[in-house]
Structure formats: C-alpha cells, structure tokens
Amino acid sequence: MKELKNCAGKEVANAQAQANNYKSLKEHETPDEQVLQKAIENWWSALANTGVEDNKYLDAMDNSLKAYANMAYQGTQKVGCGVQVCKPQGRTEIQCGYVMDPPIMDEDPIYEIGKACSKCAKLATPMKCSSLLGLCVP
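To convert, note that position 61 of the sequence shown is 291 in our numbering; the numbers rise steadily by one, no gaps.
To be clear, the hints were calculated from the coordinates, so they are not data collected in a lab.
The structure displayed is predicted, hence computed values, not measured ones.
Be aware that a few hints might be false.
[To be verified] Below, in silico cross-link-like pairs of lysine to aspartate or glutamate (EDC-like), each with a Cα-Cα straight-line distance of 16 Å or less:
1) Lys317 x Glu257
2) Lys308 x Asp331
3) Lys296 x Glu283
4) Lys253 x Glu233
5) Lys286 x Glu241
6) Lys317 x Glu271
7) Lys253 x Asp292
8) Lys286 x Glu342
9) Lys296 x Glu241
10) Lys253 x Glu263
11) Lys296 x Asp336
[What the hints assert, rightly or not] Distance windows between CB atoms, simulated:
12) Ala354 x Trp274: 23 to 29 Å
13) Cys359 x Asp289: 29 to 35 Å
14) Asn285 x Gln319: 36 to 42 Å
15) Pro261 x Gln307: 35 to 41 Å
Cβ atoms here follow ideal geometry from the backbone N, Cα and C, with glycine treated the same way.
Taking the hints into account, I'd like the entire structure generated from these sequences.
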C-alpha cells in the first residue's frame with residue numbers, strides 16, 4: 231500500500247491482499263487513529279443500514295456491504311491498514327487489506343453462526359480462545 235502516499239483519491243493496488251476497503255474522508259487535522267476508527271465504523275455500518283440476507287456474500291452486493299463482509303469474513307487471516315494525510319487535498323485516505331484463506335466467493339457464508347470460540351481447536355492451525363473478545367487467537 232505504499233502508493234497510498236501519492237494521495238490519488240482511489241484504492242491502490244495491493245498484491246498481498248485478496249480484498250481491500252478504501253475510504254477518503256474530508257479530514258486532514260484529525261489524528262490517524264480517529265480517522266481509521268471512523269473509516270472502520272463506516273464500513274461496519276452497512277450491516278445495520280442495509281443488512282445481509284442469509285449471511286451470504288454476493289458478488290452483486292454494493293461496495294458498502296462488501297466492505298463489511300471483508301471485515302467479518304471467517305476466512306480473513308490477516309488485516310493491514312494504511313492511513314495517509316493529504317493536506318493539500320484536504321482529506322485523509324484510509325485503506326485496509328485483507329488476507330483470506332480461502333478467498334471469499336459468491337454465495338459463501340460470511341461466517342458460520344455458532345458459540346464463540348467453538349471451533350478454535352479445530353482450525354487448520356489450532357488457536358486458543360480469547361475470553362475477552364470471544365475470538366480465536368494464536
């Protein structure tokens with residue numbers, strides 16, 4: 231995501247990720263952490279605003295729902311984000327890349343509904359349960 235520094239106003243190529251979320255916010259004096267938080271809240275809000283029928287990813291989804299699905303997908307293994315302040319343009323650009331195994335495909339469930347951490351030990355690389363978050367962690 232090194233090209234994010236060019237402030238092109240669009241998503242940049244990221245060969246290491248299967249999916250990307252991009253957001254440009256008209257804020258250039260807000261701390262990076264707060265701008266990143268706003269972008270994440272914006273991407274996640276599609277669930278509350280629109281909903282996802284049958285908890286399935288569809289290629290035909292609009293981009294706001296795809297952004298939510300990228301964050302919630304059970305196959306997401308790694309996430310990396312970049313924040314670039316573009317003062318001359320009066321904005322900050324945010325992009326997060328998602329490494330997925332397997333990549334999400336049309337009609338895939340975004341996640342399996344079940345008890346928190348119920349499959350941590352059964353993963354290809356077994357993990358432990360974080361009781362604080364209710365998520366599988368290395």
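Checked hints:
{"no.": "1", "hint": "Lys317 x Glu257", "result": "9 Å, holds"}
{"no.": "2", "hint": "Lys308 x Asp331", "result": "9 Å, holds"}
{"no.": "3", "hint": "Lys296 x Glu283", "result": "13 Å, holds"}
{"no.": "4", "hint": "Lys253 x Glu233", "result": "15 Å, holds"}
{"no.": "5", "hint": "Lys286 x Glu241", "result": "24 Å, violated"}
{"no.": "6", "hint": "Lys317 x Glu271", "result": "23 Å, violated"}
{"no.": "7", "hint": "Lys253 x Asp292", "result": "15 Å, holds"}
{"no.": "8", "hint": "Lys286 x Glu342", "result": "10 Å, holds"}
{"no.": "9", "hint": "Lys296 x Glu241", "result": "14 Å, holds"}
{"no.": "10", "hint": "Lys253 x Glu263", "result": "14 Å, holds"}
{"no.": "11", "hint": "Lys296 x Asp336", "result": "11 Å, holds"}
{"no.": "12", "hint": "Ala354 x Trp274: 23 to 29 Å", "result": "27 Å, holds"}
{"no.": "13", "hint": "Cys359 x Asp289: 29 to 35 Å", "result": "33 Å, holds"}
{"no.": "14", "hint": "Asn285 x Gln319: 36 to 42 Å", "result": "38 Å, holds"}
{"no.": "15", "hint": "Pro261 x Gln307: 35 to 41 Å", "result": "28 Å, violated"}
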